[in-house]
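Generate coordinates for the entire structure from the input sequences, incorporating the hints supplied.
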Amino acid sequence: MNANSDQEYIDNKVGDVRTAVDDLRLSTSERVAALHGRFDAVDAQFRAAGDQLKALDLKIESTVEAAKAEIIKWIAGLLIAMVALFVGATGTIVNLLSPRPAPSISAPALIIQLSPQGAVVLPAAPADRKP
Numbered sequence: 001m002n003a004n005s006d007q008e009y010i011d012n013k014v015g016d017v018r019t020a021v022d023d024l025r026l027s028t029s030e031r032v033a034a035l036h037g038r039f040d041a042v043d044a045q046f047r048a049a050g051d052q053l054k055a056l057d058l059k060i061e062s063t064v065e066a067a068k069a070e071i072i073k074w075i076a077g078l079l080i081a082m083v084a085l086f087v088g089a090t091g092t093i094v095n096l097l098s099p100r101p102a103p104s105i106s107a108p109a110l111i112i113q114l115s116p117q118g119a120v121v122l123p124a125a126p127a128d129r130k131p
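Going by the numbering used here, the first residue of the sequence shown is number 1, and it counts up by one from there.
Where hints are given, some of them may not hold.
What the hints assert, rightly or not - Derived CB-CB ranges, DEER-like:
(1) 73 - 93: 23 to 33 angstroms
(2) 66 - 29: 50 to 60 angstroms
(3) 66 - 89: 31 to 41 angstroms
(4) 40 - 15: 31 to 41 angstroms
To be verified - In the BS3-like style, the derived pairs of lysine-lysine whose C-alpha atoms are separated by at most 30 angstroms in a straight line are:
(5) 73 - 59
(6) 73 - 54
(7) 54 - 68
Because the hints were derived from the structure by calculation, they are not lab data.
Every residue gets a Cβ at the ideal spot worked out from N, C-alpha and C, and that includes glycine.
Dropping the structure here:
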């Protein structure tokens, strides 16, 4: 082989390799651009999911706050009811256990009889007196 034909052969091979490398670079650039597009879409989905999670977190937080207020209200009501029941039960127990005074014996009833006019009536003797 002569030098010119070797040089042309090498130049042709190098040209073919450069063309193949350029084609590969273009296809790689297209693939990278497609991957960037996919990554951007995934990033948008992550941002949307993050926004949904934030909204869900706010909803859960408001629900928990409402439940906490409801629980506090019930606890306060139960405390008031327990105090009222304790006072009532204590009053009832004290009333039942306190000694009661013996019933006092009352004096015999006084009977007043009016005598008819002109008639003399002797007063009745009380039943409990013994002559």
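Each hint, compared with the structure:
1. A beta carbon spacing of about 30 angstroms between residue 73 and residue 93 agrees with the range 23 to 33 angstroms that was offered as a hint.
2. Checked against the hint of 50 to 60 angstroms, the pair residue 66 and residue 29 passes, with Cβ atoms roughly 55 angstroms apart.
3. Distance hint for residue 66 and residue 89: a CB-CB separation of about 34 angstroms, consistent with the stated range 31 to 41 angstroms.
4. In this structure, residue 40 and residue 15 meet the distance hint of 31 to 41 angstroms, their C-beta atoms being roughly 37 angstroms apart.
5. Simply put, residue 73 and residue 59 have alpha-carbon atoms about 21 angstroms apart, close enough for the 30 angstroms limit, and the pair holds.
6. Distance restraint check for residue 73 and residue 54: the Cα-Cα separation of roughly 29 angstroms lies within the 30 angstroms cut-off, and the hinted pair is therefore satisfied.
7. For the suggested pair residue 54 and residue 68, the alpha carbons sit about 21 angstroms apart, so the restraint of at most 30 angstroms is met.
This entry satisfies every hint, going by the numbered hints stated previously.
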